[in-house]
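Q: Chains as they are written, first to last, in the working numbering: chain R, -16 to 116; chain S, -19 to 404.
Worth flagging that the hints you see were computed from the coordinates, not collected in a lab.
All C-beta atoms in this analysis are idealised placements derived from N, C-alpha and C, irrespective of residue type, glycine included.
Don't take every hint at face value.
Calculated lysine-lysine pairs in the DSS-like style (CA-CA distance at most 30 Å, straight line) [as the list claims (entries may be wrong)]:
hint, chain 1, residue 1, chain 2, residue 2
1, R, K23, S, K279
2, R, K102, S, K107
3, S, K(-5), R, K102
4, S, K107, S, K176
5, R, K23, S, K231
6, S, K(-5), R, K23
7, R, K23, S, K193
8, R, K23, S, K30
9, R, K102, S, K404
In silico contact screen, one side only, chain R against chain S (beta carbon under 8 Å); selected entries [claimed, not checked]:
hint, residue
10, R(-2)
11, N85
12, K86
13, G87
14, L88
15, V91
16, I93
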Amino acid sequence: MQNDPIAMVLDDLLRLDDILACMVARRNMISVMPSGEGFKPEVNQIWDSIHRAMDDVFGVISAYSQIGLGEMEFRLQDHEVLFYVFPDTENALVAIVPALANKGLLEVEIENARREILKIMETPEKEKLVATV
Amino acid sequence: MIETKFEASVGMSRKWDAREAGREVAETAIKNLSEPPSFFLLFSTIHYEKYGGFQEFLNGVWDVLPNGTPLVGGTVVGFMNNYGCYTRGASALAVSYSNMDVSIGIGHNTKKNPNKASENCARSIIKNFKDSNYKESFVFQLVSGPTMPHFPGFGSGFILKGKVRSSLASKLIEVSTKRLQKGIGREEEVLEKMSKSMEHTHIMSGSSSDDMKLSKNYQFFNREIFNNSVVAIGLKSDRKMNLKYGHGFHKLFDQALKVTEKAFGGKIIKKINNVDAVNEFIKTIHWSEDMLDERLHEKTFFFPLGFEYADKTLSPAAIGAILGGGFSFSFRTNSDNLFVLTASGQSIVNAIDSCMDRDSILTFGISCCANLVTLGDDIYRVQEQIQKYLKDFLVIFTLGEGVYLPSERIPKFFNETNIVLSIK
């Protein structure tokens, strides 16, 4: 979507070398993708497996987000997938990084992206948009 | 002279373009000052190298900053301020106060000749202070941190296994550091010399870095960019200046590991208790050898070794690289008795907070980037706690931390430590 502010936040995050993919998603649905050319080619081969695993993880997020589940992560082969849950929702900011990346530094920027997206989502138009996508 | 009140303001930019970021960080820093700044501290992450370059970044700053403002700074791993926590972007501290003398200095070739670099830097600062009547004095220095040398056939990873290759690598690291200025930073040597030159001055020393890839780092001095340098700012004022330091580590066991063979002035530990240092370390903490992979620092940051200074201050020393049977630190240990240390996330959070002074009108500090790696986004626990009682503050995340207090008279270098200046 053109000029989608959430997509612009994702674009910024994707500019970091070790962020291979990022999106706002929920179970069985990717709500917002970065606005550019999509994910980095390193994830193409493993994307199907990651995508299926993500849906299983979203099952857990759905069950526990209302009681404070904030983050989840898993490692699949040479990649880690990090879920930063939006409080009291079944949506999460999802980022895929290499398994040997400096995760601590990346987590700070992923958290910054989540905070920015939360601010955007607090505007009434955006809440409607995310609910209906 | 008309007396001005003490004003300090923190600026920031998250723009990607170097020039625009330079302008924004300067604008946001000085907009809240009612007088031109007396000095400007400037820090950025390494990303601007790919988005216009650091000269453009500095040019952007000087599009805004008044001519003649003393400026020092450099690249750091990240920063934490009243806006949040960041591992990409730029932040600055601008201060304006009439009852303060400011002097800046620079020294070059810190890896080749740290003593001479420190002397040259100190000389400029001391020269400009000779007519100062203020009693309180402080120096902040930013020293070029370690960079990983790349040797054909060895790669440039942190793990080198195999006795022959590692023995050669140990020698090559020393030669590379001293001749090519690619290797260990020798920042503790810069601090030691600085403390001898200015023995009545509080000194805080941080190590400049990139995003912990140890590929390169830069130092800023007025309108120019340097590497392998030390840049410093000296302040003399009628304001009370307090320097607090601390870390969250304690000894895991009381028994010391005895260093029995070392190289490069104690920066490379080859044998402990007369056996290969790596084997003795992992045996002591009940690890297996396969724990020492490329994710080394994620584990060893929680289990650094450490030694005691003469006053029993514990200094954590994180293992930098595995060199066959031995390992290297990023700085020289002052004792042959090493202890295994450990910390929890909570103790690390508490340690940063405890260095802060709630009555401060200026808070500027350094904290080890290992705190970012270990805490990740939980670094926000620290930022949100500090924000409850401080309006403006800036903490930069560095790759090595050093402190000298005239009351202690021991220059101390650490890893995984926090050092904070509070001005009241």
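Q: All the hints need checking, so say for each whether the structure fits it.
A: Hints, verified against the model:
{"no.": "1", "hint": "K23/R x K279/S", "verdict": "29 Å, holds"}
{"no.": "2", "hint": "K102/R x K107/S", "verdict": "51 Å, violated"}
{"no.": "3", "hint": "K(-5)/S x K102/R", "verdict": "19 Å, holds"}
{"no.": "4", "hint": "K107/S x K176/S", "verdict": "15 Å, holds"}
{"no.": "5", "hint": "K23/R x K231/S", "verdict": "44 Å, violated"}
{"no.": "6", "hint": "K(-5)/S x K23/R", "verdict": "22 Å, holds"}
{"no.": "7", "hint": "K23/R x K193/S", "verdict": "21 Å, holds"}
{"no.": "8", "hint": "K23/R x K30/S", "verdict": "18 Å, holds"}
{"no.": "9", "hint": "K102/R x K404/S", "verdict": "35 Å, violated"}
{"no.": "10", "hint": "R(-2)", "verdict": "7 Å, holds"}
{"no.": "11", "hint": "N85", "verdict": "6 Å, holds"}
{"no.": "12", "hint": "K86", "verdict": "7 Å, holds"}
{"no.": "13", "hint": "G87", "verdict": "4 Å, holds"}
{"no.": "14", "hint": "L88", "verdict": "4 Å, holds"}
{"no.": "15", "hint": "V91", "verdict": "5 Å, holds"}
{"no.": "16", "hint": "I93", "verdict": "7 Å, holds"}
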